[in-house]
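Following the hints, put chain A in place on chain X, whose structure we already have.
In order, the protein sequences belong to chains X and A.
Going by the working numbering, the first residue of the first sequence is number 24, and it counts up by one from there.
Going by the working numbering, the first residue of the second sequence is number 24, and it counts up by one from there.
Everything labelled a hint here was simulated from the structure, so no lab data went into it.
Everything numeric in this text was worked out from a predicted model, so none of it was measured.
Any given hint could turn out to be false.
Identical copies go unnamed one by one, so any copy, or any two together, can satisfy a pair.
Said to hold, decoys possible - Lysine to any residue pairs mimicking SDA-like chemistry, simulated, CA-CA at most 20 Å apart:
1) Lys330 <-> Leu137
2) Lys499 <-> Leu300
3) Lys102 <-> Ala113
4) Lys486 <-> Asn307
There are 2 protein chains.
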Amino acid sequence: MRIFTFDTTLRDGSQGEAVSFSVDDKVTIASKLDELGIDYIEGGWPGSNPKDKEFFARAKEHRFQHARLCAFGATRFAKHAVDRDPSVLALVEAQTPAVSIFGKTWDLHVHRALGIGLDDNLVLISDTVSFLVSHGREVIYDDEHFFDGYKTNPDYALRTLEAAKKAGAHVLCLCDTNGGTLTGELAAIVAKVRERFDGVVGIHTHNDSDVAVANAIAAVEAGCTHVQGCINGYGERCGNSNLVSIIANLELKLGHSTIGPDKLRSLTALAHFVAELANLPLRNDQAYVGQSAFAHKGGIHVSAVLKDSHTYEHIEPARVGNRQRVLLSDLSGRGNILYKLEEKGLADRLSEDARRELLERIKHLEYLGYELEAAEGTFELLVREALHPNASFFEVINFEVSTKMTGSRPSTSAATVNLKARDGVHSATASGHGPVHALDLCLRQCLGQLYPGIQDVRLTDYKVRVLEPKKGTAAKVRVLVEWSDSHRSWTTVGVSDNVIEASWLALLDAIKLELMRITEKDETIDKALADYSWGV
Amino acid sequence: MRIFTFDTTLRDGSQGEAVSFSVDDKVTIASKLDELGIDYIEGGWPGSNPKDKEFFARAKEHRFQHARLCAFGATRFAKHAVDRDPSVLALVEAQTPAVSIFGKTWDLHVHRALGIGLDDNLVLISDTVSFLVSHGREVIYDDEHFFDGYKTNPDYALRTLEAAKKAGAHVLCLCDTNGGTLTGELAAIVAKVRERFDGVVGIHTHNDSDVAVANAIAAVEAGCTHVQGCINGYGERCGNSNLVSIIANLELKLGHSTIGPDKLRSLTALAHFVAELANLPLRNDQAYVGQSAFAHKGGIHVSAVLKDSHTYEHIEPARVGNRQRVLLSDLSGRGNILYKLEEKGLADRLSEDARRELLERIKHLEYLGYELEAAEGTFELLVREALHPNASFFEVINFEVSTKMTGSRPSTSAATVNLKARDGVHSATASGHGPVHALDLCLRQCLGQLYPGIQDVRLTDYKVRVLEPKKGTAAKVRVLVEWSDSHRSWTTVGVSDNVIEASWLALLDAIKLELMRITEKDETIDKALADYSWGV
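The following block holds chain X by itself, in its conformation from the complex:
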């Protein structure tokens, strides 16, 4: 069956504690959601804040291929006539094909939050819906706190739906606003609604009981054909239901049609893209799209998956654009590395001794606190070094970097690096925005003439983690640095009790890796190793 998807990442999702989108971000995300084939994109609340107003102004210039843009608002204020209510007028001015408005369902809220009578609230609903319908809008009526309202006063909850329906609402969306309803009860209530109302009934759930996705799915099984949620489950408190998981479940498990099987393959990329703009790391264990979602660590699982991936994978990862990964760990390391090398056709190129040495090196680094699972760049460098044991591009003689600050004036950092390369000793001194920047500039100065290709590599993210928190500022730290060149990105890692040294080690690995890639041209290896999905 065709199920309509309604994304509220830009409205309800941006209420998440750590989520903050600029207007640019919102425009970019809306356009990506449109490409993915989402049916409705709720862009914000034009009557509530200037940022959202600007978004709708900008969005007018954009032509959506498929999605209907939706502006969000509320039923009119009790004290305003509907055609004088600034919030309702802002909805009309947003000029979106669809609008979603929420109204009160729960008698507690009608009394407490609005301070009016139950029948008065029905008039607010009816007035606002019919006003928007008369302006040619498709109206999605969000019945806020529907399930809480139904539990305390089912008759009144149904009357609010009736008021919206009679006024011409196109979708009646049942909201579990506080996220407190469990799946069984929710499905039973949806079924009751379905007995009374035909047409499109929607579902909007929150994750406060950790069952938001299951609730959305159960609601569809009970007759809803419109599902609201946020990419990656962003949203206030514990988040909204995760639309990514919902779409995958509907398409792959229940045979419903949402964005279709072709666009489904972009799901993983989209989830990462939105996380990037939200400036939040995508959870590794996120269902379907996380980088651990099809990662196998346990020895038994690994060996079974290698025989038949079906044994420990509920779907083929490629169907959502994800991929299988086999992990290193203290238990499975040896077998998995060999498997990886074999899979890539590299095992035969290493002598028995070189292979053993590589394994020992990896084990030793992990013992020191390196995390190669998360640093495929450093892992790739280790493999390349094992394949080309005589490759040596430069040798660091020494470096020094200092940071000064006087009073509250901005600090300055300056570094000096001396190194020996093929053509002799190179020295460089540079000032930078910080010590790592200054060191980076020095390295590039020293090596840039000899190897111009390294100019393409740039740092894109930088993470520091304390490994032994109890030791305070003397603790060991692990620095993970993400790099990109024009066509891919990778991570390198450094560990030290000195954050500068750890950063320096990760910096060196990135430069060495790029030099290896540029200069040791070897098609089999390049092809095998350049694949980001090598992972480990």
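The following block gives chain A in isolation, referenced to the frame of chain X:
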């Protein structure tokens, strides 16, 4: 109804990609789970790896108050007699009151993974269960891939349960090993099992379809009385079902009895504790126990919650040991800060001007990239400074810190700090494990004699985040530093394009805050501000 809780954090949970527990960690966690009132603690797989073997040896010395310790293993190998099977013997040697063993249910696995006939597999199950029962163990039989098996061959799946039951298994646990089953189908299958089998039936779910918790709850509603899961949902791929959410749902939503209402109040603390040992940040949006679980940001939600918390909170946070938080944001900031000050009885102590100035300062810092929501230490300092505008403990004249490294010898860092304090100019030079450590030592040298109390403050965690990733090593970074003294912990924040300067700013805030706390004794303020739950 009494539902039995079975925690597998130490076994299945440790298969999570980023999870790695030492033997010490495992012993500590087991003891905490026992305190919480968990019924069964699965400690590991003694037949599979030496670390788990050591854990069970150590655990023998520990007296559990309530929990039954459980060793995990598999049905015997086809080629071994049960009393010669090393893995089964290791289970007996672990000397735990309970053992859990998994066996194959799914014909695909019997053929593919074991390579034997379907009837032979029934003999493996039956032999192993009865052998362990004859050794006086409580046997929990984990029917691996039960739901996948049932879907392809229901008759055979039920026969495996029957084999275990006849051999004396005390619990028949149905496992959705691949996490691919949706809630409706799972509940229907559990109901079918329940028609055939009385006694204790258990449920073990994974989160690959993002519905693990709902599945566990639906299984209980369909008749299971034994629930397996992991603290914080750790586990391979997308994780196991989150036992924290399951316990809260069972106790608070369905009226079942697990750990009881008193111990439920320790749930938030336990979730944080396990995350700490797993060296993973607890998800802010984690249901019930995350720090955003009862955090309100949207203006409407905030004003409603302040009138009646029931309006946007599905339970009282205190019932699981969590608390309500009201967040700052570009929309709600002004009202929320005033509310916070009022709530703490501090609003009246600030003049109108001082209040406006404080708000402006906060807004400016947030604009620069400070994240005060996550840095309550820095926020507390701002408030204290507004309350005591004349307090000044020291003024930094300048600092310099440099890091050197020669060849591959360890790096060294040395710093010099000059500052003016009440009694004149202080200078210090120190070497440290890294630049921040060296600066920290200098500050303490300069101020230690004048303010001995600062010696108690120590750094416990250190996080760096790049704010403008596209700018590479010249990007702005935000450093969050967590500090502790003998009785509490707090976080300070610094932002700069220089990681050293950002760290220095966070360091200064921590020292200044401690000096404020020590020297500006003012009981009302101390009491109001010292509360960690001030949050913002």
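Regarding Lys499 and Leu300, is the shortest C-alpha distance of 20 Å or less found within a copy, between copies, in both, or in neither? between (31 Å within a copy, 16 Å between copies)
Under a CA distance limit of 20 Å, which applies to Lys486 and Asn307: within one copy, between copies, both, or neither? Both. Shortest intra-copy (16 Å) and inter-copy (19 Å) distances satisfy the 20 Å Cα cut-off.
Are the CA atoms of Lys102 and Ala113 at most 20 Å apart within a copy, between copies, both, or neither? Answer is within; shortest intra-copy Cα gap is 17 Å, inter-copy 75 Å.
Classify it for me, Lys330 with Leu137: is the Cα-Cα distance of at most 20 Å met within a copy, between copies, both or neither? between (62 Å within a copy, 12 Å between copies)
Hint compliance for this structure: every hint is met.
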